[in-house]
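Colleague: Work out the full structure: start from the sequences and follow the hints.
2 protein chains.
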Amino acid sequence: MTTHQPSQTPRGVATSGAALFADTIEDQAVPVTRVDWGPPMDGTSDDLATVALDPLRSEANERAVEAVLKVQAMLVDVAPASDVLGLQPGEFLHAGPPLEWERASGPMRGALLGAAALEGLVDDPDDAAALFESGQNVSMSPCHHRATVGPMAGVVSSSMWMYVLEDPEDGRRSYCSLNEGLGKVLRYGAYSPEVLDRLRWMSSVLGPLLAKAVRRTGPINATAILTQMLQMGDEGHNRNRAGTLMLLKELAPAMVETGTASSEVGEALSFIGGNDHFFLNVGMPACKLALDAARDIEGSTMVVAMARNGTDFGIQTAGTKDAWFTGPAQVPDGLFLGSYGPEDANPDIGDSAITETAGIGGFAMATAPAIVRFVGGSVPDALATSRRMGEITLAKNSRWPIPILEFDGAPTGIDVSKVCRTGILPQINTGMAGKVAGTGQVGAGLVTPPAEIFPAALSALAEARRGRVAAAVGG
Amino acid sequence: MTTHQPSQTPRGVATSGAALFADTIEDQAVPVTRVDWGPPMDGTSDDLATVALDPLRSEANERAVEAVLKVQAMLVDVAPASDVLGLQPGEFLHAGPPLEWERASGPMRGALLGAAALEGLVDDPDDAAALFESGQNVSMSPCHHRATVGPMAGVVSSSMWMYVLEDPEDGRRSYCSLNEGLGKVLRYGAYSPEVLDRLRWMSSVLGPLLAKAVRRTGPINATAILTQMLQMGDEGHNRNRAGTLMLLKELAPAMVETGTASSEVGEALSFIGGNDHFFLNVGMPACKLALDAARDIEGSTMVVAMARNGTDFGIQTAGTKDAWFTGPAQVPDGLFLGSYGPEDANPDIGDSAITETAGIGGFAMATAPAIVRFVGGSVPDALATSRRMGEITLAKNSRWPIPILEFDGAPTGIDVSKVCRTGILPQINTGMAGKVAGTGQVGAGLVTPPAEIFPAALSALAEARRGRVAAAVGG
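Chains A and B are the protein sequences, given in the same order. For the first sequence, my numbering begins at 1 and goes up steadily by one. For the second sequence, my numbering begins at 1 and goes up steadily by one.
The hints are all genuine.
Put simply, identical chains are the same to the list, so a pair is met inside one copy or across any two.
Heads up, simulated DMTMM-like pairs for lysine to aspartate or glutamate below, C-alpha to C-alpha not over 25 Å straight-line:
{"#": "1", "residue 1": "Lys-212", "residue 2": "Glu-257"}
{"#": "2", "residue 1": "Lys-212", "residue 2": "Glu-267"}
{"#": "3", "residue 1": "Lys-435", "residue 2": "Asp-276"}
{"#": "4", "residue 1": "Lys-435", "residue 2": "Asp-197"}
{"#": "5", "residue 1": "Lys-184", "residue 2": "Glu-250"}
{"#": "6", "residue 1": "Lys-396", "residue 2": "Asp-296"}
{"#": "7", "residue 1": "Lys-321", "residue 2": "Glu-169"}
{"#": "8", "residue 1": "Lys-70", "residue 2": "Asp-170"}
{"#": "9", "residue 1": "Lys-418", "residue 2": "Glu-391"}
{"#": "10", "residue 1": "Lys-396", "residue 2": "Asp-381"}
{"#": "11", "residue 1": "Lys-396", "residue 2": "Glu-166"}
{"#": "12", "residue 1": "Lys-212", "residue 2": "Glu-250"}
{"#": "13", "residue 1": "Lys-184", "residue 2": "Glu-267"}
No lab work stands behind these hints: they were computed from the structure.
Modeller: Below, the structure is given as structure tokens:
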């Protein structure tokens, strides 16, 4: 037997089921397309058929994914939330779909308490619980409703400084607060005095310095930094080490040249260099800006946001306007810090799943084999995950090639109908917050959305299609 | 057929020859050790037998590779070559084995001419040719003879500032000059006024600033940075992007806090951040320091240096003291810049193959799939290269795990007898200098040493063994 008889060798083979058959033909130099086949999700057959027959769908999805792929997100400014979002003291943004105080989890409550103290609404953060219970002089709304994303609790209040990202093609913007580091930090629900002191330093020193530096360098291409990161072992969600270093490299000379006292510049450089996640808060709004380009495209079954508030996991799709499809957030499966264990972990929280929605994070696990030691799992798992995510997405992002997959693009644009048809759920890498307010981070791991939100979104997409048919018949 | 019948499944299989057999059993979850088998190199059978029977060999090689693996190279200072190496104007170090002006290639001559002008021996670099021809008031010796390594031409002269690396266990030191960037630079044989101006700025501004910063930060662990780089897409020879960023991160705050004018600090930060190879000149002496720990171990067949002077490729082994085994340097095979082609390339040059000698560079290709586009080749080639280098090395370096090979350590410690027995030559990634003095870089590619130097080294090792037998019989 020889492997070099082209005339007898098929051009390619598609396989499903056990890998042995695929492996054996691949060994004979035949290109193999592996298809993860499973039955559709329960009760979705009718809706799948309705959506599949929608004449708008194919072109709408093409438009949606192309709109996402063409965005180059530029970091153009750093400014207080009061300026760029018009937030007043007492107005709070939070991660995930809409949420009321009564249903908020421990880390979400902790972050809100801390932010209330930061804004001077109370002296002791614990006193703010009564404010949120009464609802007087305070309001809560999702970051996503203000073109913003926030990691973990994602709480944004008026005095916090925000990255401002812009699409130079159409001037659209997205926003994210500055990253505080790891451990006892507000976004993980901690609100002790050192947490608030750090936030005050970030508002008084770091934010203004970054603002001066960014205005000096001019726009920084965050999408291009993400491209480089994916060649440097970052997947852009749980690992942002190379991205952080590249941002530092871009900003450091300008920070020095702002005329700021060298002790403050040195302190800021040390803070950034000492926080491997610093770039996360630039990468997330870059993904948000790309995905927002695909909102409100009738007939598109593409997911434009996946977000968790610590209680609910929600998705939005291009074809269903501002509707959220929500279900209970799951507890991630992963590795724990110190003596923490699964019983200490809050359910999944944060807007950071915007990275997976855009094709990186858990979807680009193959590019960050080192991350598997941080979230649990093996290198072959990482490669298999990226390949599997190709089954439920609309495109490979050629701007984000994954070297180890022979420069195949990151799998981008989750298709609700593909998820329902295959039963494959999006894979998310994430940090884990302690479920008790004030705890901080307890670990990191892997999680998926609750399965039922995809049939729910599909059902709404099918309903919209039926509405269009009825309207056409009626007209 | 099932793959899960442990009682019927062998524990493991070693295979040689065509991959089909190995692939098929591996698919059945049987661990496979692939052995690249070929006949020994011509005429080496007797020497291989003599060396194989040497009772010192096994323990000597174990000692040699352990000595290498345990070194943690610390960057402890930056200082002029005149201070730390005692170099006088007119004394020049160069890459590779010993070389005379008459046999020096174009880029080596270009670098020497430029260095002579830099030291004020002549005003016009071209006038220095007469000095080197006469040999009056100038001398040339290998970097390796002064605990130093130099990339490409590797020319070091007295006013250049050097990184000083130290092994804290025994105080041994190694040295390397600062990296100039790419294109028209001295190490590629360019010596135009802008090349010399940059070198003067490096000696007057960059060197002193780095010295102050390193003294402020305290020792920086270069070996640990190499560990991180290998998880970030760098192989440490042709790609040093992550390493450069990590060094920048370590030094930036201290550079700011030295009290140096902020315009100079900003300029230095931009220079470092704009040169992806800046860390190469720290990684190389880190490798040199590790390998020097294994010098002069009687009976060891391990290579402690591979170096090229643009004319000759030389190796030294642990068991043959200061002897060089040399043959003609080859022209690399790779990709060219602009309109340059193979006819413009000089034969292989530089001490940078110290990285491969230590197990990174071409040996760690698997960790840097992005590099394959820079030197030519494919991702599977990169994985195969790292696995193949495992066939000719003594150990896997657990300090330098390669994520994509499931954290297998970098293949470290080239064994002359394994090279001769298998015919597998070390794989080197390298830059290519233009063969005409003054040209600069023309490309990057892959190269191997001339095969004959390994049988020559083996013969010397066999001769030493015969000498020990004769002495024992005589005594």
